[in-house]
Amino acid sequence: MTAATTTPEAAVGVLPRADGSAKYSHAGYTVTASVNGPIEAQRRDEHAYEAHVDVTVRPAAGVGATRERHLESILQSSLSQIILVKNFPRSVIQIVLQIEDSPENDYVNTKLVQASLNFAIMPALIQTAVLALLSAAVPMRATATATAVATVRQGGATKTIVDPSPREVETAQSVHVFAFTSHDELLLAESEGDFTVKEWDDSYETAKAICCRPEPTKEGIAMVLDDETTAGPDMRHFLRLAMETKVASDLYWK
Amino acid sequence: METERLIVLPGETIDPSLIPSHQKLPLRLGPGLRHIPPSDIVPTVAGQLITNPARNSMWIEYNSQRYIPSTSDLILATVTRATPDAYLCTLSPYTPPATLPTLSFEGATKKTRPILTPGALVYARVTLANRHMDPELECVSAATGKAEGLGPLAGPGCVFDVSLGFARRLLMARSREEGGVGVLEMLGGEEGAAGGGGLAFETAVGRNGRVWVGSESARTVVVVGRALQETDRAGLGIEGQRKLVKRLVREVR
Amino acid sequence: MPREAEPSLSERQFVLQALQENLRLDGRELDQYRPLELSFGDQYGVADVTFGRTRVLAKASAEVTVPYADRPLDGIFNIATELSPMASPAFEVNRPTETEILLSRLLEKTVRRSGALDTESLCLVAGQKCWSVRVDVHVLSHDGNLIDAACLAVVAALRHFRKPDTSIEGGVLTVYTAAEREAVPLSWLHSPFCVTWSFFGDEGETAVLDATRLEEQVRVASCTVSLNKHGEICQIAKLGGVPVDAVALLQCTAVALTKVKEFSELVDKKLAEDVKKRDKGGFMAELSAENER
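Protein chains in written order, with the UniProt record's numbering: chain A, 1 to 254; chain B, 1 to 253; chain C, 1 to 293.
If we strip away everything but chain A, and leave its shape as in the complex, we get (with noise of 0.2 Å):
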């Protein structure tokens, strides 16, 4: 599978009667996030200070479960850094997430019905769903971006890889998850498997370079920076431009 080298594609605003939506797929992830906020709060979700921040997430087939709950406790604490959770107290900010499609591994008959998801697909759940919140216009601190790397160990050599494909996953040592604000600030860190300390700051580092490549202020440097660059997309960018294709579209009469 050549999902790994595909670059990221999104699109905003696709559900008609949610407050805001996207769809987001990259590396045979697909995932469409609704976010209906700030809404009225059931009494047990209510705060008197500050807006609850409710995340659903949804397998593709079969019934969400203890993984499914995990992901998303994950997901709540990470999004409610970001959100101007404070600006609405008493209310709740309804996340969905319903995953469409996840790379298959073609050597192996997966259990559907017993959905289990995979790891790798974390960094997709938290694109759509900051994708979806700058859709529905949320107050917010700061914008993320995420991304999932690999470290594979052959022959006393460790490799990184970056969106591993489920066959990588299940091979390498370790799988890290990371997420970092627009601020360049380290938002969310997990990690699976065996690893070394070593081994964590260069996954780190990787993350890090795909994550918060700052902005080329001018087209001279942006051909030098061109060549340094290491492989994988330019995640921040790609948010950007996704955000300024929907602003552009939604003041076409400015």
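Rather than coming from a laboratory, the hints here were simulated on the basis of the structure.
For every residue, glycine included, the Cβ atom is placed at its ideal position computed from N, Cα and C.
It is possible that some hints are incorrect.
Said to hold, decoys possible - Derived BS3-like pairs (lysine-lysine); straight-line CA-CA distance at most 30 Å: (1) K246/B / K254/A; (2) K254/A / K110/B; (3) K261/C / K229/C.
As the list claims (entries may be wrong) - Quick list of the computed label-pair ranges, beta carbon to beta carbon: (4) E120/C / D201/A: 36 to 46 Å; (5) S217/B / R69/A: 49 to 59 Å; (6) D15/B / S249/A: 19 to 29 Å; (7) E92/C / H183/A: 29 to 39 Å; (8) K146/B / L186/A: 51 to 61 Å; (9) L36/C / L27/B: 51 to 61 Å; (10) T13/B / L186/A: 17 to 27 Å; (11) G201/C / R174/B: 40 to 50 Å; (12) A143/B / A248/C: 55 to 65 Å; (13) N130/B / R69/A: 34 to 44 Å; (14) A248/A / R174/B: 16 to 26 Å; (15) P118/B / A11/A: 37 to 47 Å; (16) L128/B / A248/C: 46 to 56 Å.
Assemble chains B and C onto chain A, guided by the hints.
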């Protein structure tokens, strides 16, 4: 497009040279911006940065679907329930109710006050919008004691949902020049003259993305409503709107 | 959970008054569907159906499991319809609403009970191994007429679906992965579709097809007819509401048949387009034909 759009995303730094500085007027921040003391101004939504040096103000222009109440906005509310001294109204689906005191109508006293049944529509102004409290509305100008066009919307007509940005454009004083919407003018314009539809109708535009269209003829209401929604959803320019109006008016006859 | 927003009085009255003049808010004819779109995903068994502002995604999947003890010769076939807050904030996860229950029952009756999928063909080893086919219905956007849209999506997804190929040699069951052998389609017998009529007026004298959410909120009765393109009726559901004249119902069924023929054609056409798209230049077809020999 005459000038380059300056599009910002939440948390990006705004070039200090773009922030207007006026000798006397204080700097006014509009929607989509927040001030982090001492001197940082940061966008909170994705949109286009607009500055007005003459009035020393700046804001982010963007479009959205979810209405967040703001004082002195004109809105279209639906009454859901009556309490002894106030009506509870909804401004947008799934949000907490806004209160409309029964005395906030023209000429209302404790004895004589308008009777509104659940489901009734009112055109009102937001008087209180505060993050910790439910919004409050009024149907009378506090200064003059007159309704000034506010109050219950009776008579045959229907409500159409549009995006908040489109509602704002409809409410602009010169909506055709500034906001680029001319559908209503075109539909109501003299027949024969520059693509006029010659239809008789009235409208009430709420900042909460709801437009009431009233007319004796149901056909007219449908045509006006469709023209508004299609202009909004397809993002039609003035020329596109002219074609749309022509097509819709032809369908009526 | 926040309650569903009720339409205002003037909306209610206007919709009814306009319908008496044969007018609908979006300018459609009474028996006209909204613009209909159907597309398939990159994977087999994913169908995305749009009816105006209503959008439903169905995904079919299969796994090998043990058949039910009382039906050793049948495979397992399930349709899961869980409405998420994505469709409307009034839907809550794990708390089924009436809409959800009605939707799942109607799909069950239309697709499963009508024998559209040959469940006997899903049996691999009698009493021991069979396929369990499952369709997940995801409502992405809810602007009325979920039933017709969901049914179309389920049928399209199942017809598009391919399950892994299997073989039994000397009592040993082998399930081939996609890399080893091309997946095979399901054994499909007929394609039923739902057509839902909404009735308005004191005696339900105005019948309307493909109601929007606002129209659904003010209707006095509804009736769902499920049938295939040969005119074989799988079920008729008229649950509550005002009584409707029997002759009018016959009329409705006749119109439903013409709509079902259109749906049927649409699915056939889109499936054919998809096959063409997946098989660029006919190279893969040649290759797999050789493999089969």
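Quick rundown of the hints versus the structure:
1. K246/B / K254/A: Holds, at about 24 Å.
2. K254/A / K110/B: violated, 48 Å
3. K261/C / K229/C: holds, 5 Å
4. E120/C / D201/A: 36 to 46 Å: Since the Cβ atoms of E120/C and D201/A sit about 58 Å apart, the hinted range of 36 to 46 Å is violated.
5. S217/B / R69/A: 49 to 59 Å: holds, 55 Å
6. D15/B / S249/A: 19 to 29 Å: With a Cβ separation near 25 Å, D15/B and S249/A satisfy 19 to 29 Å, so the hint holds.
7. E92/C / H183/A: 29 to 39 Å: holds, 35 Å
8. K146/B / L186/A: 51 to 61 Å: holds, 58 Å
9. L36/C / L27/B: 51 to 61 Å: holds, 52 Å
10. T13/B / L186/A: 17 to 27 Å: holds, 20 Å
11. G201/C / R174/B: 40 to 50 Å: holds, 44 Å
12. A143/B / A248/C: 55 to 65 Å: holds, 58 Å
13. N130/B / R69/A: 34 to 44 Å: holds, 35 Å
14. A248/A / R174/B: 16 to 26 Å: Given about 23 Å between the Cβ atoms, the range holds.
15. P118/B / A11/A: 37 to 47 Å: Given about 39 Å between the Cβ atoms, the range holds.
16. L128/B / A248/C: 46 to 56 Å: holds, 52 Å
Of the numbered hints listed earlier, those contradicted by the structure are 2, 4.
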